[in-house]
Amino acid sequence: MPIRLPTTSLRTAGQAVRGARPASVVGGITFARGKATLPDLSYDYGALEPFISGKIMELHHKGHHQTYVNGLNSALEAIADAKAKGNDMQAAAVAPLLNFHGGGHTNHTLFWENLAPNNKGGGGEPEGSLKGAIEKDFGSFATLKKQVNTALAGIQGSGWVWLALDKTAGTLQVITRPNQDPVIGNMIPLLGIDAWEHAYYLQYQNRKAEYFENIWNVVNWKTVAKRLEKAA
Amino acid sequence: MPYTLPKLPYAYDALEPSISKQIMELHHSKHHQTYITNLNKALETSATALSQGNLADHAAQLSAIRFNGGGHINHSLFWQNLCPASSADAKPETAAPTLHAAIASTWGSLDKFKAAFTAELLGIQGSGWGWLVKEKGTGLLRIVTLANQEAVVVGDTPILGVDMWEHAYYLQYLNGKAAYVENIWKIINWKTCEARFVGGRDDAFVALKANM
Ligand SMILES: [Fe+2]
Ligand SMILES: [Fe+2]
Chain L
1 MPIRLPTTSL RTAGQAVRGA RPASVVGGIT FARGKATLPD LSYDYGALEP
51 FISGKIMELH HKGHHQTYVN GLNSALEAIA DAKAKGNDMQ AAAVAPLLNF
101 HGGGHTNHTL FWENLAPNNK GGGGEPEGSL KGAIEKDFGS FATLKKQVNT
151 ALAGIQGSGW VWLALDKTAG TLQVITRPNQ DPVIGNMIPL LGIDAWEHAY
201 YLQYQNRKAE YFENIWNVVN WKTVAKRLEK AA
Chain C
1 MPYTLPKLPY AYDALEPSIS KQIMELHHSK HHQTYITNLN KALETSATAL
51 SQGNLADHAA QLSAIRFNGG GHINHSLFWQ NLCPASSADA KPETAAPTLH
101 AAIASTWGSL DKFKAAFTAE LLGIQGSGWG WLVKEKGTGL LRIVTLANQE
151 AVVVGDTPIL GVDMWEHAYY LQYLNGKAAY VENIWKIINW KTCEARFVGG
201 RDDAFVALKA NM
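Chains as they are written, first to last, in the numbering used here: chain L, 1 to 232; chain C, 1 to 212.
In case anyone wonders, no lab produced these hints; they're calculated from the structure. As the structure is a prediction and not an experimental result, all values here were calculated from the model. From the three backbone atoms N, C-alpha and C, an ideal C-beta is built for every residue, glycine too. There could be a bad hint or two in this list.
Stretch-level coverage of chain C by chain L, calculated; a stretch enters the list once three of its residues show a Cβ under 8 Å from a Cβ in chain L [what the hints assert, rightly or not]:
id: 1; segment: 7-18
id: 2; segment: 95-101
id: 3; segment: 156-170
id: 4; segment: 191-200
Pairs of lysine to aspartate or glutamate residues, derived as DMTMM-like cross-links and limited to a Cα-Cα distance of at most 20 Å, are as follows [said to hold, decoys possible]:
id: 5; chain 1: L; residue 1: LYS208; chain 2: C; residue 2: GLU25
id: 6; chain 1: C; residue 1: LYS30; chain 2: L; residue 2: GLU210
id: 7; chain 1: C; residue 1: LYS186; chain 2: C; residue 2: GLU120
id: 8; chain 1: C; residue 1: LYS177; chain 2: L; residue 2: GLU58
Looking at chain L on its own, in the form it has when it is part of the complex:
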């Protein structure tokens, strides 16, 4: 049974960061007037408890994700300035920051959407054509879970593990990305799990294996299935 906490104040704080102007949505990433903005969560900060604490969710969304959004906008501005001055080299020098903060914004946006509380479809097992694809490429859902958890445990530092569609091969794969490197190219991200320490430390400290075990209880398989449908 999911534990439901009164999180009204947290939710209010979460909404306060939404841009006042209508935002456009491109590939799940929110922009307002050409600037990246922090997307709202579709559930309360406390809604993923007891698997992910409300405190973690609030800091992760309002603190960490916001920092990536700010860093992305600064990087984009720096590039625009350099281009306006015709200084290509100066623009190119911003690439690492663009990759890091742009990746951080994209990854977290995908992450929030592929999580959900139990009463909004989180947990359980994949169904339909997603289930079929998983069984075809991994043998079983249990094997996929095991592969993902092994990949998560094997990250040396900060990073993400993704279930992705390899568009060229047409198969599902478990892939690891260091730091905030985004999943790009012919790999389409379907399900992402944040393995940075900030994603679990306040609740799990050094017991990261428990976090990796528990997060399956709040995976939004409908989102994952939708992403696969769109990509296929």
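Keeping the supplied structure of chain L fixed, place chain C with the ligands upon it in accordance with the hints.
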């Protein structure tokens, strides 16, 4: 012979308020211990494979040895270059006269060095460490950042290391890592840094050798 966890030269709560007791206890008894446990495991597996002429299984352990070995080396150096703020060793002018002068001649002043080092630490993208090192050959001071648990192991002498993994500060500072870096300047063991600078690589790694 397996590696063992080195004892801290101070109590878990001795670095408060810069670093909380809870962080120090978890960081030392859990995180550092895990690097040692996994290092010993990887070394044993690779040695067994090698003795059986199995190069593939031996090579498969090298990444784990590098990562966990680096984790053990880095943390061993880190504990030694910290001390309580009240200690005489925390005063750079008196505890590290030679190093202090070299820093001033390199960066202009200790404050300018701190600002430069701080900027490097805060610019790390992901987990990693910042080090003040004495460069091999030239003997010059340099600031380097290393990702994850890469260690200062080739040539250069590590003088001062700061752990920028989130586990090093998160329970106390949350997403405010700038405050962690600001406060860690109060608990630098400049006497240790001086000994590493004046001596050499062997002096820097002395605490590590004592725990083999
Ligand atoms: Fe994150
Ligand atoms: Fe550490």
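Hints, one by one, checked against the model:
1. Remark: the segment 7-18 of chain C is not confirmed as covered by chain L, as 0 of its residues place a Cβ nearer than 8 Å to a Cβ of that chain, below the required three.
2. Counting residues of the segment 95-101 of chain C whose CB lies closer than 8 Å to any CB of chain L gives 0, so the stated coverage by that chain is violated, three being the minimum.
3. With a cut-off of 8 Å between beta carbons, the segment 156-170 of chain C has 4 residues touching chain L; three or more are needed, and the interface restraint holds.
4. Chain L is given as covering the segment 191-200 of chain C, and this is violated because 0 residues of the stretch bring a CB closer than 8 Å to a CB of that chain, at least three being needed.
5. With a C-alpha separation of about 17 Å, the suggested pairing of LYS208(L) with GLU25(C) holds against the 20 Å cut-off.
6. Pair hint LYS30(C) plus GLU210(L) holds up; C-alpha atoms about 15 Å apart against a cutoff of 20 Å.
7. With a CA separation close to 18 Å, the supplied pair LYS186(C) and GLU120(C) stays within the 20 Å bound.
8. The hinted pair formed by LYS177(C) and GLU58(L) meets the criterion: a straight-line CA distance of about 17 Å does not exceed 20 Å.
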